[in-house]
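A.B. asks: Residue numbers (full-length UniProt numbering): 1 to 189.
Simulated from the structure, these hints should not be mistaken for lab results.
Treat the hints loosely; a few may be bogus.
When the alpha-carbon atoms are kept at most 20 Å apart in a straight line, the in silico EDC-like pairs for lysine to aspartate or glutamate are as follows [unchecked claim]: (1) Lys104 to Asp56; (2) Lys173 to Glu9; (3) Lys139 to Glu9; (4) Lys173 to Glu158; (5) Lys139 to Glu108; (6) Lys185 to Glu129; (7) Lys139 to Glu129; (8) Lys173 to Glu160; (9) Lys185 to Asp62; (10) Lys185 to Glu9; (11) Lys139 to Asp181; (12) Lys139 to Glu36; (13) Lys173 to Asp4; (14) Lys173 to Glu13; (15) Lys185 to Glu13; (16) Lys104 to Glu163; (17) Lys139 to Asp37; (18) Lys173 to Glu163.
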Amino acid sequence: MAGDSRGVERSVEQTLGHLRTLDGAAADESAPLTLEDLYRQQRMRMVRLAILLVDDPATAEDVVQEAFTGLYRNWSGLRDSRAAIGYLRTAVVNGSRSVLRRRKTAREYQPPHQADARSAESLAMLTAEHQAVVASLAKLPRRQREVLVLRYYGNLSEAEIAEATGVSRGTVKSTASRALDALQKLMGS
């Protein structure tokens, strides 16, 4: 069973790492000096993060735009420009949570509808195994999906994930473990 769990973890790591590579995101870019630099360097990465959390490109764009708007409003209050990336990441995660809460509420009052399909371009870039991982990720509970996306797509440490999601490092660790187990079941491994 432990071997199967490692296989699922490897699949998640490969899929989200592949997407991170497609985005061309560097691991530790030098800190942007201006808000414009930050927008140019981080916008698409934040949009991809939001897409993985809310599973809808248009909504993801809105979430990221709101995050940058909030950053603009608070730019003068930042201690340094390196803190801006953490602020954005947290704002995107929180904005995605709000979207998902609103969706849940809307579903309670309307008949369920088919989720928007991913773009043909994004699907063409993924193998069948990667597509299965992304589809299974969408079925996980919100927190589990957030932790896996932030870990394997965002390439964040447990401490950074804990900060972005507002939970303890221990919760991040146990949530990741439960998420990988759930993915294993969903993927029929």
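A.B. asks: Next step is simple, just say for each hint if it's right about the structure.
C.D. replies: Hints versus structure:
Straight-line distance between C-alpha atoms of Lys104 and Asp56 comes to about 15 Å, which keeps the hinted pair within the 20 Å bound. Straight-line distance between C-alpha atoms of Lys173 and Glu9 comes to about 13 Å, which keeps the hinted pair within the 20 Å bound. Using a Cα cut-off of 20 Å, the hinted pair Lys139 and Glu9 holds, with the two alpha carbons roughly 16 Å apart. Of the pairs offered as hints, the one joining Lys173 and Glu158 holds, with about 7 Å between alpha carbons and a cut-off of 20 Å not exceeded.
A hinted pair counts as satisfied when its Cα atoms are at most 20 Å apart, and Lys139 with Glu108 qualifies at roughly 18 Å. For the hint pairing Lys185 with Glu129, the CA-to-CA distance comes to about 15 Å; that is within 20 Å, so the pair holds. Of the supplied pair hints, the one linking Lys139 and Glu129 holds, its CA atoms being roughly 16 Å apart against a limit of 20 Å. Note on Lys173 and Glu160: the hinted pairing holds, with a Cα-Cα distance of about 12 Å set against a maximum of 20 Å.
Pair hint Lys185 plus Asp62 does not hold up; C-alpha atoms about 33 Å apart against a cutoff of 20 Å. For the hint linking Lys185 to Glu9, the alpha-carbon distance of about 12 Å falls within 20 Å, and the restraint holds. Proximity of Lys139 to Asp181 is assessed by CA-CA distance (about 13 Å); at most 20 Å being required, the pair is judged to hold. At most 20 Å may separate the alpha-carbon atoms for a hinted pair to count; Lys139 and Glu36 exceed this at roughly 36 Å.
The hinted pair formed by Lys173 and Asp4 meets the criterion: a straight-line CA distance of about 18 Å does not exceed 20 Å. A hinted pair counts as satisfied when its Cα atoms are at most 20 Å apart, and Lys173 with Glu13 qualifies at roughly 15 Å. Taken as a hint, the Lys185 and Glu13 pair is honoured in the structure, with Cα atoms around 17 Å apart against an allowance of 20 Å. Note on Lys104 and Glu163: the hinted pairing is violated, with a Cα-Cα distance of about 25 Å set against a maximum of 20 Å.
Between Lys139 and Asp37 the alpha-carbon distance is near 35 Å, which puts this suggested pair outside the 20 Å criterion. As the CA atoms of Lys173 and Glu163 are separated by approximately 13 Å, the hinted pair is consistent with the 20 Å bound.
Consistency note: the structure conflicts with the earlier hints numbered 9, 12, 16, 17.
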